Each structure stands twice: as C-alpha cells, then as structure tokens.
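**Student:** Okay, here's what each chain looks like letter by letter:
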Amino acid sequence: MRYVDEFRQPELIAKAGEEIRRLADPLRHYRIMEVCGGHTHAIYRFGLKDLLPSNVELIHGPGCPVCVLPMGRIDDGLSVTANPDFIFAAFGDMMRVPGTHGSPLEYKARGMDVRIVYSPSDALKLARRNPEKHVMFFAIGFETTAPSTALTILRAELEGVRNFSVFCNHVTIIPAIRAILDSPDMRLDGFVGPGHVSTVIGCRPYEWIAKREHKPVVVSGFEPLDILQSIVMLLRQLRNGEAKVENQYKRVVPWDGNRAALRAMAEVFELRPYFEWRGLGFISQSALKIRPAYAQWDAEQRFTVPGVRVTDPKAAQCGEVLKGVLKPSQCKLFGRECTPETPIGALMVSSEGSCAAHYNYQHHKPVTIANAVAL
Amino acid sequence: MATPAGKIKFREPQIEMAHGAGGIASRRLVEGLFAPLLFGSATGPLGDAAHIQLNGTRIAVTTDSFVVKPLRFPGSSIGELAINGTVNDLAVSGARAEALVVTYVLEAGLPTDVLEAEVRAMAGAAERAGVRIAGGDTKVVEHGKADNMYITTTGIGRLIPGVSVLADSVRPGDKVLLSGPIGDHGVTILLARGELDMEAEIQSDSRSVLPLIEDLVKAAGAGVRWMRDPTRGGVATSLNELARDCGLAIALFEQAIPVRDAVRGACELLGLDPLHIANEGQFLAVIAPEQADIALQALHATPGGSEARIIGEVREQPPASVFVTTSYGGARLVDMLVGDPLPRIC
Amino acid sequence: MCLAIPGRIVALDSDARNQAVVEVVGVRRKVDLGLLQEESIRPGDWVLIHVGFAMSKISEADAADQIRTLALLGESEAAIEEVRGYGLEDEKHSNNERGAGP
Numbered sequence: 001m002r003y004v005d006e007f008r009q010p011e012l013i014a015k016a017g018e019e020i021r022r023l024a025d026p027l028r029h030y031r032i033m034e035v036c037g038g039h040t041h042a043i044y045r046f047g048l049k050d051l052l053p054s055n056v057e058l059i060h061g062p063g064c065p066v067c068v069l070p071m072g073r074i075d076d077g078l079s080v081t082a083n084p085d086f087i088f089a090a091f092g093d094m095m096r097v098p099g100t101h102g103s104p105l106e107y108k109a110r111g112m113d114v115r116i117v118y119s120p121s122d123a124l125k126l127a128r129r130n131p132e133k134h135v136m137f138f139a140i141g142f143e144t145t146a147p148s149t150a151l152t153i154l155r156a157e158l159e160g161v162r163n164f165s166v167f168c169n170h171v172t173i174i175p176a177i178r179a180i181l182d183s184p185d186m187r188l189d190g191f192v193g194p195g196h197v198s199t200v201i202g203c204r205p206y207e208w209i210a211k212r213e214h215k216p217v218v219v220s221g222f223e224p225l226d227i228l229q230s231i232v233m234l235l236r237q238l239r240n241g242e243a244k245v246e247n248q249y250k251r252v253v254p255w256d257g258n259r260a261a262l263r264a265m266a267e268v269f270e271l272r273p274y275f276e277w278r279g280l281g282f283i284s285q286s287a288l289k290i291r292p293a294y295a296q297w298d299a300e301q302r303f304t305v306p307g308v309r310v311t312d313p314k315a316a317q318c319g320e321v322l323k324g325v326l327k328p329s330q331c332k333l334f335g336r337e338c339t340p341e342t343p344i345g346a347l348m349v350s351s352e353g354s355c356a357a358h359y360n361y362q363h364h365k366p367v368t369i370a371n372a373v374a375l
Numbered sequence: 001m002a003t004p005a006g007k008i009k010f011r012e013p014q015i016e017m018a019h020g021a022g023g024i025a026s027r028r029l030v031e032g033l034f035a036p037l038l039f040g041s042a043t044g045p046l047g048d049a050a051h052i053q054l055n056g057t058r059i060a061v062t063t064d065s066f067v068v069k070p071l072r073f074p075g076s077s078i079g080e081l082a083i084n085g086t087v088n089d090l091a092v093s094g095a096r097a098e099a100l101v102v103t104y105v106l107e108a109g110l111p112t113d114v115l116e117a118e119v120r121a122m123a124g125a126a127e128r129a130g131v132r133i134a135g136g137d138t139k140v141v142e143h144g145k146a147d148n149m150y151i152t153t154t155g156i157g158r159l160i161p162g163v164s165v166l167a168d169s170v171r172p173g174d175k176v177l178l179s180g181p182i183g184d185h186g187v188t189i190l191l192a193r194g195e196l197d198m199e200a201e202i203q204s205d206s207r208s209v210l211p212l213i214e215d216l217v218k219a220a221g222a223g224v225r226w227m228r229d230p231t232r233g234g235v236a237t238s239l240n241e242l243a244r245d246c247g248l249a250i251a252l253f254e255q256a257i258p259v260r261d262a263v264r265g266a267c268e269l270l271g272l273d274p275l276h277i278a279n280e281g282q283f284l285a286v287i288a289p290e291q292a293d294i295a296l297q298a299l300h301a302t303p304g305g306s307e308a309r310i311i312g313e314v315r316e317q318p319p320a321s322v323f324v325t326t327s328y329g330g331a332r333l334v335d336m337l338v339g340d341p342l343p344r345i346c
Numbered sequence: 001m002c003l004a005i006p007g008r009i010v011a012l013d014s015d016a017r018n019q020a021v022v023e024v025v026g027v028r029r030k031v032d033l034g035l036l037q038e039e040s041i042r043p044g045d046w047v048l049i050h051v052g053f054a055m056s057k058i059s060e061a062d063a064a065d066q067i068r069t070l071a072l073l074g075e076s077e078a079a080i081e082e083v084r085g086y087g088l089e090d091e092k093h094s095n096n097e098r099g100a101g102p
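Chains as they are written, first to last, in my numbering: chain C, 1 to 375; chain V, 1 to 346; chain Y, 1 to 102.
Please keep in mind that the hints were generated in silico from the structure rather than gathered at the bench.
Remember, predicted model here, so these are calculated numbers, not experimental data.
Hints may be right or wrong, so weigh each one.
Here are the simulated lysine to any residue pairs, SDA-like style, with alpha carbons at most 25 Å apart [what the hints assert, rightly or not]:
hint	chain 1	residue 1	chain 2	residue 2
1	Y	30	V	273
2	C	289	C	174
3	C	108	V	17
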C-alpha cells in the first residue's frame, strides 16, 4: 500500500460519483463547505467538481492560514529582520505574499537574507549553522503546524540556541468555523472537516456544530476518494435527517487527537485574547502566542515590532470570498487587477487560496473544461 | 528607411527574479521591452532559435546563458548544460548545430580547478553532441558579482531538410509527443542546494536531443508541426506558449505523462507540479495524427528515446489554453509558471 | 494547510532520539517523531508527514477497510433491494424499515 494511488482508483471514483448522484435529492441544492485550504487545492487539482451533480455545491472556507494573515503581520515580521544580521526564514507559501512594501522574495531581491525552509526544525538548523546571525522563523499554520513549531522551540531551549526566534501567526480553526456560522449571509448544509488539523485536535471539537447548529461534519482525507466518500457520507446524513460528526479519514485521524501534540502546544503557546483575521475581522481566542516562559524565542517579545495595521483596499472582497459568500470570480478585482502575478489579496497568492486555485486551475472562462473533455 | 522608435509595453519599475524564471514574467519582459526595441516590426511568435537568410542559405542561430547554483550536481554540471542547452534550442527549431562560441563571466576568487572541470565538461559534451567550439570570450568580475561563473553559448546551425517548425501549422487533432520523463533536472537542482535536506536517486537529464530529433524528422518529416525544449518553466510553460501562439487548446492525459517515481515523490513532499519543473534533456513535439505512431516508434527505436510518450492532443476548445484530464474524468487548467516553483506546506 | 504525505519509516536514528529517516517514493528525509512519542514506531511503519514531523501513524487496516467500503458502494443497496424482492421480511417490521436506508 502506498496510501496515495489506492485512493485515486478510477473505478472507485466513478462508483463514489454515482453514489453521490444517487443520494443527492434533485429537489435540493446542497451547500457544503470544505473548511481546509488543502481541500480547496485538492478539489481543483483533481477536477472533482466535474464529478459532482450541479445541485451539490462545494463552498471554500477560510482554512488557509496564509490567506487570513493580515498584511500588517507580514510587514511586522519583515521589519524585525531588516538588519543584515538577521535571516528571515519561512515556508515557501509565504514567499510571494505581498506586504505593504513587497513580498519576502522582493525583500530578498533588495538584499535581505530570506530563506525558504521546509520545516521549522530546518530554521533552527540554520540558526545553529549561522551563529553570528539571528534566525527568525515566520510561523504560519493552523493546529496541524503549531505542534511542530512548539517542539522546535522546546528543542531550541534544550540545546540553548539563542540566535533563534519565532514570529508566531498560528491560528485555530474552530473560531473561524464559528465566525462562518455566525455570519448572516451563510446558508450551509454541512461541512467537510479538515483532516490534517484533526490529526492533532481530533474529532470532538466539531461536535457543537452537529449538536447545536444541526449540521453534519465529516472529517475528510485529501485524496479524490477521501473527498468524494466524505460527500457521500454527508449526503447520507442529510437524507436521513441526521447531524453528527463522522471520521472518514480513520486511517490517519484518531478520534481523540494527538495527545503529545496537544501537550506540546499547551506547553509553549497560549491563546491571544483576540487576533485580526484578514477578511473576518477580530476574533477572540483564535490565535496562539508564545508563553512568557519561552519569551526568549518569541520575536515579538525580543524585538520591537511596529504593530502596523494595514487595511485591505476597499475594492478587494477577500473577506466575502473567505467566508464563501462570494465565489472568487464574483470579486470585482478577480482576474483583472488581482491575478497570481499581481495579487491584491493573499487569496490569490497562496496556492490553496480559493482565488488562486480558481484562477490557476479553472479560470473564469465561459466554456467549461467538462464540455471540452470528451474522453 | 528609419525604423520607428519602438514603444515599450513593459511597465514594471525593476527587474525581479521572476523575469528570469521562464514563465509569464519572462515573456512580458521579452515581448514588452526587448521585442519592440530590438526586433522592430518583424515580431512573430518567438521561438527557440532565429532563422536568417545568408546568401541564399537559411541558418539558425540561438544563444542562451547558464546561471546555475550549485555548479555541479548529480548527473551534470553548468558546462554540460551550456553545450546541450544551445544544441537543443537549435534542434527543436529544426537545425543541426554546427558551431558554438562561448563566453565566460568569472568571479574573481574562483578556483582554477573548478573552472577546468567545467571546461573539460564542455569539451566532452561538445564532442558527444558533434558540435565544434569555435571561439569565445572571457571576463572576470569582482568577487561576489557572479556566483562563481556565468556561461553563455551562442550556436549556429544548418536547417535539417524536410522540417518546418511553426506554431501556425498546428491543427486540432494533432498529437503531443514528449521525449521522456519530466522534472528530473529541476528537482535535482532543488535537492542539490541542500536546503531541503532530502536525498533521492534523481539526476539531471541533461543531454543533446539532436539524435532523437533527427530520427524523428527522418520518420515523420512533414508531420512535425512544432517542437520545443521545456527548460525553465517546464512543459506547462512551453505548451501554454504554443496554445497562445496558435490559439488552440492542448489537452493532456495525466496518466500518459511520464514522471519518475522519485521525482513524483519529491514533488509530492514539496507540493510542486512536475509540469512546471525545468528539464534539460527532453523535448515536446506536435505531430500530425497520421504520423504520430510512426514518430513514436522512431523515438523508441533510438537510444535514449525508449520513454517517449504521446501525452495529449490538440483541440479547438477552450481557445489558447492547456488542460490536464485525469483518468476519472476530472480536468484542470494548467497555467504558465509565475516565478520559480516554490515548495509549499499548505 | 496541510500538505501532509504518507511516508515509510526506513530507519530510526540510533544517535538522536525521536529522529528517523522516512521515504516517500524514493525520496528520503529525516523526520522528527516527537509528536508520536506515545506510539512505538518501527522501520516499515507508515506515518503521515507534515513539515518534517510525523503527525500520525497510518493504520493499514483502516485504509484497507476504507477501500473495501468504497468498493461496495452501491452494492449494499442493490443487495438489500434484492433481498426485499424475495419478500422474506417479517410483515410486522416492514413498515419501520421502509425508507430507513442502509
């Protein structure tokens, strides 16, 4: 088993597609939100929308940690490393995200030492290898990534690495989902739950969505068969009038989550009272900051950070697209002023932002690919 | 006759890395700044090499510069790339490389044995490619100004009889042929930089594709409509350029695109698409449907061509686009590369 | 948010605790097992990798189970229809079962 190809088998995909068509009530229009940016990307990459009947609509949610990062935070992070003695380290995803005066790659072009890392532990390694410089790791991600940052800080402490700090932008998924459900514009029938976040937090945190909001949640994997099976499971629940949390991604997601990961997070992080989410406004208890005990590795506590607040241009409708109220192509700037090359908002830069996914994979062309494909 | 002053359409205030990545930005720079000022009114689709008339003979000429870090990497080095790259550019324009001239920009402080190794590599590659190095030039710049060395090669060649490569001649129904597995070179370079801490049995595919193209042309001759070597920007960029130039659609079949397992693994880990990754030993050809099978057989029969595949076909709709269909009926558009492919974790 | 890939553990690091080498279709990389301290990880095990850390041990049994379920999609419905057609159901319960679905 390779755990990838098995979940892309064409015959099984066809079966799942048929089952979806069988279960979908032709008199209903289903609006299912997939919360995680990884799901957005997968749906586009595998062309899964082509396999769904027209009355099953997938709505992209705000689970893209790059997309919800306010521009001011990028400016702040880059201001810390403006000195030649500093190295700015971040995942590839951050490199083209525009701050007010440019993206990290553009800062690199102007002489800042900017490095792409695959892992926070690679950033720590950079610090060990460059003792005369300070390495600041610009951390992003939901609960999937936060435990790894936490373990890296613990390791920095254990090894006494002092020329290393983290600029922490980790956010949590539940408050984002709550903000969506609280939004008056939204009408949703169910959720495809974020499979990898759930490897850390488990499936219990979604129970209130089922119990109090009466909407089914199926925690899903990321292969085509995973996503399609999750939709089957959601439609089944909706047909039966049920609303519960189910785990489609059993091979990887433990119902109770990963205790070691949760412990590491609790040890190193605490919740910020509030945090600004691009497009969603201020949400309380929705983001992580490094605890005072680890202040030495917290860039915000060690260095002066301007704390700039940058508002998005009024014409950009990132917020509504993030909440799923608007489709990317409905934003006035989409494809015109705002393209992957000239992104106005982060939704167009991040590879899992719905605007970038839509633009790169499916364009707003009137002729649909499905029509053009006659296999 | 006075040439009217070219009006440039390039509006960006400074040059960024993206302008050299081979994707959309590069194209904007060439079409928006260089073309209007240098190529005057004679701007058709920009190909890999230029064909000029010299006393009744048509000659192909091309130039390419090689900027690579690290200089040496599994399977090849900058010197070899410099020879094969130019030989290949000529080959895909339908020409057999006859002679190359080389310029070096060397960084002060470069160890002589490093330079010697590359020059030896170039000599070896030139001999294997059957091309003469006719001369060159050298400049040395201050330490820190040249990343060890930059090499430029300019090549001239004679057109191979019976072949005419033109985007305009591409028709719906034509088949898209790829000479072998993609992604090897780009992934090799990425891993060789050492920053990602990954190891794999992958090496650069740098080689001269001239023998393959000569056999292809011998077999399919007039059926060869268009060719390109998918270097920076990958197959996606080359095919998008074709789609834009001919206004048609290119439909690729995901299952048919050859990618080595290790390349696939590295791309999965890093969140990269093999279609956007540079290759240095492959070419794309669009062949008339009647000759497609013969063309494929000819490549299979040539040393180094056993992994050639028909990976797609040309269609009418949607215009000027490239898309990939999966074996289960899903489809997605494949766009030109924006900047260099970056690893992602999200 | 979440590019996580299944990889196979090929070697545990003898020097460093909680470090291992994982292989993904021929590509090898060190991963940190610090989040799986409570599990026993052995070479040959498959784990889910995200940013150089192993997030979860992959259950082969659950994966096989899932594939089996998918293969049976549509078939369980068909089987039930067939059984109903034989009229073998208890008359008393037939009203409750109608419309319940699998």
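**Student:** Taken at face value, is the distance from the CA of residue 174 of chain C to the CA of residue 289 of chain C at most 25 Å?
**Tutor:** Holds - the C-alpha atoms of residue 174 of chain C and residue 289 of chain C are around 17 Å apart, at most 25 Å.
**Student:** Residue 30 of chain Y and residue 273 of chain V: Cα distance at most 25 Å?
**Tutor:** holds, 23 Å
**Student:** Measure nothing beyond the straight line between the CA atoms of residue 108 of chain C and residue 17 of chain V; if it is 25 Å or shorter, mark the hint as holding.
**Tutor:** holds, 10 Å
Violated hints are absent here; each numbered hint is respected by the structure.
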